[in-house]
Each structure stands twice: as C-alpha cells, then as structure tokens.
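Novice: Whenever a hint applies, use it, and build me the whole structure from the sequences.
In order, the protein sequence lines correspond to chains S and D. Residue 177 in our numbering sits at position 177 of the first sequence; the count goes up by one each step and never skips. Residue 229 in our numbering sits at position 229 of the second sequence; the count goes up by one each step and never skips.
All clues stand as given, with none of them false.
Which chain D residues face chain S? A few, computed with CB under 10 angstroms, are given here:
#, residue
1, 297
2, 312
3, 314
4, 315
5, 316
6, 322
Straight line, CA to CA, 27 angstroms or less: simulated DSS-like cross-link-like pairs of lysine-lysine:
#, chain 1, residue 1, chain 2, residue 2
7, D, 314, S, 115
8, D, 314, S, 68
9, S, 239, S, 208
Bear in mind the hints are in silico, worked out from the structure with no lab data behind them. Given the structure is predicted, the values throughout are model-derived calculations rather than measurements. Just so it is clear, CB atoms sit at the ideal spot from N, CA and C, and this is done for glycine as well.
Here is what each chain is made of, one letter per residue.
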Amino acid sequence: MISVGVDVGNKFTKAVVLKDGQVISKSIVLSGFDQKQSANEAYDQAIKEAGISKNDVNYVLATGAGKKEVDFANDVVSEVGAGARGAVYFFPSGRTIIDVGAEDGRASKCDQNGKIVDFAVNEKCAAGAGSFSESMARALEVPLEEIGPLALQSNNVIYMNAQCTVFAESEVVSLIHAKTSKADISKAVHDAIAARIISMARRVGVEKDLVMIGGVGNNVGFLKALGDGLEIEVLVPDKPEYVCAIGAALIAAERN
Amino acid sequence: MPKAGITTTIPVEVIFAAGWTPVDLNNLFITGEDPRALVEEAELAGYPRNLCAWIKGIYSTVLNHRDIQTVIAVTQGDCSNTHALMETLQLAGVEIVPFAFPYGRDADLLRLQIEKMMSFFGVSWNQVNESRERLGRVRDKVRELDRLTWQENLASGWENHLYQVSCSDFSGNPEKFSAETELLLEEARSRPPRKGELRLGYIGVPPIVGDLYNYLEERGARVVFNEVQRQFAMPFETGGLVEQYRQYTYPYSIFFRLEDIRREADRRKLDGVIHYAQSFCFRQIEDLIVREKLDLPLLTLEGDKPNRLDARTKMRLDAFLDMLR
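Specialist: Listed below in structure tokens is the structure:
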C-alpha cells in the first residue's frame, strides 16, 4: 500500500511517499508562482527517490494553501487536519499542535487519533509566522539560519509594539540605530512571534503534550520563546516542515 | 413616495404607515454594482482604513443616492460608529432621525423612541398597528421559509439568509416581496428534502462576502439557522409593536441573544456554529463570551472588505467541516 501526501505551502511544496505506514521518500521544492508545477516537481522527485512509478501509488492526498492546484491528487484535506495527524504520528501523546509556516500560524487541539477538536489560525497578518523572522533577518543583515541561535545569546526583554510585519521592520531599524545588540533584537523578534502564537494556543486551550511542526520548528530562537512563554516542553519532530505532508499521506492510506 | 434610509432594522412599520419607502442602506450598499469602490470612496473622503466597511459603504451609498434625503440612524443597539456616520451625513446635508434601542429593553423607553419616530413621520398608533398587520402577513411567509429550511430541509442557507435579511425593509414593497416569497415557498415544497448534510448555525451580522453559503453547501454542509437575519424577520408572536421590538434580540445584550441562539441550536439540532464578526467591530470582543457560553463547536470568521471568500477563510471552513465530521 503506497500513499502520497503533497503539501503545497506558501513558500515550499513538500511531497512524502509512505509504504505500509513508513516514510520511504520525501522531497521539497520552492512553491514559486506556479503551484501546479511545483506540486508536480515535488511529486516526481519523491517518486524517483522512492524508486517506484506513479502507477504503484494507491492514493494521493493534497494539503496546504495551494492544495486545489494539485490536479493529480485523489482528494484534498485541510492543513489543520493533516498537521495534527502527522504530529500524532511522531508523538502519540501530542494533544496541542502548533504549526508555523512561512505565512501561517496555527494552534490546534486534537484527540489521540490526531482528529481536530478545536483550532485557531492567524488573522490577516503574517506577524505570527515565518516570513516575519525572515524579514527581520534581512533588516538585521543576518542569514536566516543564524537569527534563531542569535536570539539565544540574549536574556534581555524588549517589547515590540508594532502589530504588523512591515511596521515591525521599521521598529527594528530604530532599535539598530539605538545601538541595541543584534542578539537582543533577535530575541525581541522571536518573543513577538511567539506571543502571537501563544495567544492562539491559549484560545484553544493548551494541553500536554505540545508538538511544534512546520518550517519554523527549525528555529531554536522561536522554540525557546514559545516554551518559555507557555512554560511547557515543546516537542519537535525531525524535519518538522514535512509533518503536514506526512499527515496527508497517513490520511491517504486510511482513505484508500 | 419619499425614501427613508435605515442603518439597521428599526420599527419599519412606522415608515410604511407614513407612506414612505424604507431603504435598508446595508442591502443597497452590498447589492450595488461595485461595493468595494464605495468603501474606497469613503476612505478618500477621510474615513479611517481601520474601520468597519459597512459604515464606510453606507456613507458612500447615501451620497450616491440623492433620492435618499432622510436617514434613520440607530444610535444605540447597533454600531457606535453610526454616531460619526450620522454626523458626516448631516454635514453633507442629509436629514438624520436618530433612533435608540434601550440597552435594558425597557418597554417605556422603547415606546418613547417609537413615538418620537411616529411624530417625525406624522402617524398615529392606529396607522402603525394597521401597518404592523400588513407586514405581519409577509413575516408569516418568511417564517414558513425558515421552517422549511430547518424542519423540512427544503430550502438552502442562502435563500434562508436572503429572504429573512430582506425583512429589514421588505425590498421597499411588501406586497411584491410577499409574492416573491410565495413563489419560492411553492418551489421549495416541490423539492426533495436534503439529506446527510452537516447542520450549521450562522450567528452574528450578515456576511460581507457573497459566496459563503454556496461554499458550505458544495462541501456538504448547510446553514439551517441564520441568527440575526431571522431576528430581522421578527420570529416571535407578540401582542403589539413595542413588545415585538423588545423580543427582537439583535440590539440588546449578547446574553439575551445567546438565550435565543441556544434555544434554536437545540431545536434545529446544529452540529456546529459559525460566528461571523466584521473586522474592527465591537462584536469581535463579544466573541469571547460566545465561546465561553455556547457549548457547541464554534468557528469564528472575520470579514473586512466586500469580496468573495479568501483562501485563508476557505481553509478555516474546510478545517472546521473536517473537524465536525
């Protein structure tokens, strides 16, 4: 039984091939302007890496912001449902799932089967998502992969007032001019993103265990801010950016 | 016949009794050719961007319809931004008649407000009561459509929304509107009943996006309870006009509204509820009360500009329906 999950995110498209419930290959490509094309590319790569042909695939389930563009999928599933299913696959005790990608931040509560009980999603602004830290990294002239570790070097609390990514960037510039250290600013940025996510998590109600998925799960600065803010251990699977695709592949296997 | 614009549902019986034509400015705005342009027009005039689009839309709508020279503005029981709306319209030379629903549902205060409006229009209680009977016959038909929606499963959520929301002004012509309702009732009765759908409640102000109901129905879910729209249709049998507008829940406390919502959720066997709140509206704060007091799966939706459902809102709806299944 071979199933595939394709997660067309705002920035990256991921595909995961599952054989009898085990991941046998995965791929990631930039989503770009043509989501249909990126879904095909990710799918082709994952199939090739798995050493199978498309004819061997029993069911494809698409998820993510561009899920409707995946014309080869048998069906679609919401990214909230796919994320929870994937998170519980890695951590069966997971009941609160935080999923932060490039443009979206989500908090959901699920049961032992990964079925959603309640959820909250960020509103019209990306201040609680990965693109915020990306934009701040640019303002600080720090490579994206360094902005998280940089935040860990600071213990100072600086509150950011701006509610919007664009205004926050000018606030960061003001802090730079005020000779605030990059580490302090980086921590302030991650505290601000985490604060947005924490308010969503509290809205749905935080229950142990808490699992963090999505690309921002790779950012240690954010994970520290989230764990400190919620006073809870944050569990993160290996390569958290693939969890939604894995969840979709798991649901695909059940649907077939 | 002279036209009276209304900013929300008011005792419209008074306006019809005077031989005037009421025009629900919300309906006129949202069904206009380009509602977004009306919002932008108000912003150009100086209305803030972070303000409810309905208020901005109503402002430009009135200015673009010079046949509406009188507006009845609800200063209590609806949006407090109406105060500034009323003043900016006054600045443009529009005659304003303020109307306030007393927060505590006090019958004497409400009667006083209605009588002040009657005095403006120069009508007596006899005339108003006759008008109430005339509109009551139309309201009965719309109530039947609501019953066909939830009890017989013969009408769509959109039809339920449209006909009930239209009861704020009866599209300016109660008899014509009544005939249209009758036609729909006949057609609905000839349909096969819908089966196996998720049953949803929609609470809060009517949506500023046009495709919500169809989107839900394409995904096997149907709105069988439109809370505020049903209130516009006046669902309760009452002995008189004052009591009718005391029973009407929308302008009063959220707790009073919740009594009605809980009762209907139970009666209509709802699987879940969508709470819609307009961006920048005080009712967004009340969402926390709704969440705490309503023991049903709840999805809060926010809408800003008049448009179609955006991708993020669709994702929320998909996830909510998945969750209910």
